[in-house]
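2 protein chains.
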Amino acid sequence: MSGVSDERVTAAVLVIGDEILSGRTQDTNTRDIARYLSVIGVDLAETRTVPDVLEEIVAALNALRERYDYVVTTGGIGPTHDDITADAVAAAFGVELHEHPDILAMMEARWGGELTPARRRMARVPVGGDLVKNPVQGPPGFTIGNVFTLAGVPSIMRGMLEDVGPRMRGGRPTVSRTVRVEGSGEGVIAAPLEAVAKAHPDMSLGSYPFFGADGYGSNLVVRGRDTEVLGAVVIELIAALKGAGIENVREIEAA
Amino acid sequence: MSGVSDERVTAAVLVIGDEILSGRTQDTNTRDIARYLSVIGVDLAETRTVPDVLEEIVAALNALRERYDYVVTTGGIGPTHDDITADAVAAAFGVELHEHPDILAMMEARWGGELTPARRRMARVPVGGDLVKNPVQGPPGFTIGNVFTLAGVPSIMRGMLEDVGPRMRGGRPTVSRTVRVEGSGEGVIAAPLEAVAKAHPDMSLGSYPFFGADGYGSNLVVRGRDTEVLGAVVIELIAALKGAGIENVREIEAA
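Protein chains in written order, with the numbering used here: chain E, 2 to 256; chain Z, 2 to 256.
Quick caveat, the hints were computed from the structure, so don't treat them as lab data.
Take the hints with a grain of salt, since some may be wrong.
[Stated by the list, open to error] Which stretches of chain Z does chain E cover? Using the computed rule of at least three CB atoms under 8 Å from a CB of chain E, they are:
1) 17-26
2) 35-41
3) 46-52
Please read these numbers as outputs of a predicted model, since none were measured by experiment.
By construction, the Cβ of each residue, glycine as well, lies at the ideal position given by its N, Cα and C atoms.
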């Protein structure tokens with residue numbers, strides 16, 4: 002966050018996706034975003050869900066971005082034909098889309114010659130937008146103006162959120178540190194993580210699992226307002242994980 | 002339903018409550034309503050969540066009831082000071098609230114002389130409104146114009162819904178089938194999926210990726226109103242996926 006103030010800072014969530022409106026998928030991103038914002042002192046003031054229809058997304062986005070300090074969108078940034086969130090954000094801001102060179106470079110490093118048109122769709126970002134880091138897997142999100150566009154898959158969305166908070170002008174700032182576990186899944190991480198979380202209700206502890214050709218595990222992000230307490234909780238968390246028989250644990254630079 | 006037609010019938014859900022926006026409570030009512038409406042052939046077209054603030058509820062309600070055939074609200078009809086949904090609905094329709102004699106009679110039968118002012122709040126209904134039966138516990142909901150005002154407690158909300166459907170003019174219900182792809186990501190699924198989607202514009206084809214320690218892939222949901230066409234599209238989709246070299250494809254029971 003770029004500053005601390007007593008002024009109320011507001012945000013809206015815009016969920017994009019037919020699968021939510023059909024009732025097929027239970028949205029949990031709204032609650033995760035609400036909790037995340039609450040810790041950094043930003044009030045979630047309204048949420049909307051709209052279908053995968055360009056005009057609907059544009060209209061909702063323009064209404065919300067005018068009214069609130071920030072808008073966080075989830076969903077519709079994958080490679081399929083119904084993933085039109087990037088098109089809608091660009092249209093709302095009246096700019097073109099371009100293939101972001103950093104995303105293309107990431108994709109080429111991973112897939113080489115297999116850069117299908119579907120995958121290239123995920124490299125499209127509104128001109129003037131910046132990237133939002135994706136510490137989990139797949140391409141990044143992006144931000145333009147006061148809008149942050151994140152993935153719809155909950156674990157990826159939560160991971161991307163870690164790169165959103167620091168860019169918001171929050172009520173009160175938080176600091177975070179990241180502990181990386183490799184070779185253990187959330188099934189075994191959950192118990193020690195929850196024990197430490199319960200002992201420190203004023204801290205936020207999140208688990209962002211990753212899974213891919215290069216292995217699996219989870220990045221555990223500890224966030225709070227007090228740097229000293231944060232340091233103590235990180236030590237406690239590493240000890241609790243090792244006490245549960247999880248060996249491959251280390252602190253890393255935040256992704 | 003009072004009739005079946007080919008015309009699209011639309012609805013919106015308006016969730017009312019600070020507890021959703023703070024992240025303290027996970028909303029599940031939206032999904033339950035979405036599923037209920039989908040079966041009776043009403044399309045959920047938009048959802049909003051607003052705080053317990055009169056002007057916000059009124060503004061959202063007026064925007065939604067003008068735009069869609071029906072609006073279903075949940076939350077804010079209990080006995081406490083922040084339960085102001087009845088006030089907001091009355092204000093939106095420009096009518097007064099009155100204590101509905103049927104609700105007062107139910108309350109007197111149950112509580113007799115213990116009819117506290119807090120309980121009497123729950124008897125207030127906009128003038129001209131009808132009751133929505135509550136088969137679970139507590140006072141009924143109400144309906145006025147094209148708005149249905151239901152409880153926020155999920156089990157009570159679901160019970161009240163049973164008295165909502167029969168009052169809606171439904172379209173035709175949609176049916177869906179699900180094709181599961183394992184071991185292939187959306188990057189390779191997208192092209193055959195899009196080809197089939199484009200060939201059948203009156204069907205809805207969605208891709209819902211999953212990944213975890215036990216593998217990754219995507220559930221492809223085909224949705225439409227005509228069972229025969231649906232069956233043909235599922236066969237076509239499976240053929241298209243296999244034609245693109247994707248081997249691990251099968252139809253599954255819808256989640």
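Has the region 46-52 of chain Z got at least three residues whose CB is nearer than 8 Å to a CB belonging to chain E? holds (count 7)
Within the region 17-26 of chain Z, is the number of residues with a Cβ closer than 8 Å to a Cβ of chain E three or more? holds (count 5)
Mind checking, does the region 35-41 of chain Z have 3 or more residues with a CB under 8 Å from chain E? As far as the region 35-41 of chain Z goes, the hint holds, because 5 residues have Cβ atoms under 8 Å from chain E.
No hint from the list above goes unmet by this structure.
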